[in-house]
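Whole structure, please, built from the sequences with the hints as guidance.
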Amino acid sequence: MTGPADNVRLTISLRVNGELIERETPVRKNLVDFLRDDLGLTGTHVGCEHGVCGACTIRVDGRSVRSCLMLAVQADGCEVVTVEGLTASGEIADLQTAFVQRNALQCGYCTPGMLATAADFLASERPRSRDAIREFMSGNYCRCTGYQAIVDAIEDVARARAGQDTP
Amino acid sequence: MPMLNMRVSSPAALIDINRIETLRGIEDRPDCVRVGAMTRYVELQESAVIRAHVPLLAMALPLVAHVAIRNRGTIGGSLCLSDPAAETPACCVAAQAQIVLAGPSGCRTVAAEDFAIGLYETERQPDEILVEVLFPKAVSGRIFFVDEFSRRKGDFAIVGLAGSIRDKGSTVNDPRLVFFGSDNRPILAHAAAAAIDGRPWSDAVRQAASESLDDDLDPMDSIHASANYRRRLAKVLLSRVITRALAS
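Keeping their order, the protein sequence lines are chains A and B.
Just so it is clear: in the first sequence, position 23 is 23 by the numbering used here, and no numbers are missing.
Just so it is clear: in the second sequence, position 129 is 129 by the numbering used here, and no numbers are missing.
Derived by calculation from the structure, the hints in this document are not laboratory data.
Any given hint could be a false lead.
[To be verified] Quick look at which bits of chain B chain A covers, simulated, 3 or more residues with Cβ under 8 Å:
(1) 1-8
(2) 146-154
[Said to hold, decoys possible] Across the chosen pairs, the derived CB separations fall in these ranges:
(3) B:Q125 - A:T42: 38 to 46 Å
(4) B:T171 - A:E125: 51 to 59 Å
(5) A:S129 - B:S9: 37 to 45 Å
(6) B:S170 - A:D94: 48 to 56 Å
(7) B:R51 - A:E22: 17 to 25 Å
(8) B:S226 - A:R23: 42 to 50 Å
(9) B:D127 - A:G40: 27 to 35 Å
Just so it is clear, CB atoms sit at the ideal spot from N, CA and C, and this is done for glycine as well.
Printed below as a string of structure tokens:
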């Protein structure tokens, strides 16, 4: 579909996963499409495209956001971290292992968003109960697992990071 | 942004107001709390000023969507979009907030209860921007409440209720009831409030309130819930919320 501003382009510079990027982009391009199509960072997934499903969750300036609800031009000057960056830094290595061990994914479509949101939860000071995990993860849809295994995996990591044994 | 993504809206020009610093911030003034339109939900949620002086908003914020949305969404954005099921505009009505709009001929103030005029329609004119929301400070001796029915935690409400009563034992006193999600905009339920004001919360009063609510609400039919279902839920919510408020 075309719109009135489709031909207008702007040059933006931002840091993506630690790397300084300068690119020209159409002003109406969503950040998630910029990350996927222009930068080849296809780990961030496009789901509902209106902020409901959580598949496109990334980190912008230290806070988790929906990359389908931001235009790429709005990320000018920002620090963006995608699932590729979370992986490369090792921040979620234990979480990724737990997801495999607990079978917390089947088709895997929601997984990058789940990992990004769970990373946010684990970095926060919130209580580590299953209820708190469910509450925090409630903005991320998974159509395969029924969530139980995802909560299990996050709980395992929360316990391990706190120096407790997993049940 | 969802409106753009779904092609419901395709404005020729789009102005990003994110970098206008004067539109941000929470200010504790002698007579009110000033909240800039660009203030994000997460900032409101972390604010001691909001917790102390606009407790209703503080109570409602955990119901507003999810963390990643609250990190980005703003109070002014919610008010201007005027989604009928959104918590924030209803809380502004319940808390008797004033909304300040700026246009070519200066600023004007609109009471929150007059701001939403229809489905996604507000008093804001095309050449105006919403600059700030002024909340009167909550007076002591009032009990605030907000609750909603939604399909999933954090989803838009099928029906919600925000408001307050004066703390006066087992008698309902000076209720202010604002329903959201039922009609095309937040509705101040005058009839239901009149039916319970000054009365003990008996079964008969509860029944009268339920019946009066039919005069206040004209619920919408949608794929998510029929008008009848919304009406029924509004009554259940009113009964539960008042019972809980009186017990607190």
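Verification of the supplied hints:
no., hint, verdict
1, 1-8, "holds (count 6)"
2, 146-154, "holds (count 3)"
3, B:Q125 - A:T42: 38 to 46 Å, "holds, 43 Å"
4, B:T171 - A:E125: 51 to 59 Å, "violated, 41 Å"
5, A:S129 - B:S9: 37 to 45 Å, "holds, 40 Å"
6, B:S170 - A:D94: 48 to 56 Å, "holds, 53 Å"
7, B:R51 - A:E22: 17 to 25 Å, "violated, 42 Å"
8, B:S226 - A:R23: 42 to 50 Å, "holds, 48 Å"
9, B:D127 - A:G40: 27 to 35 Å, "violated, 42 Å"
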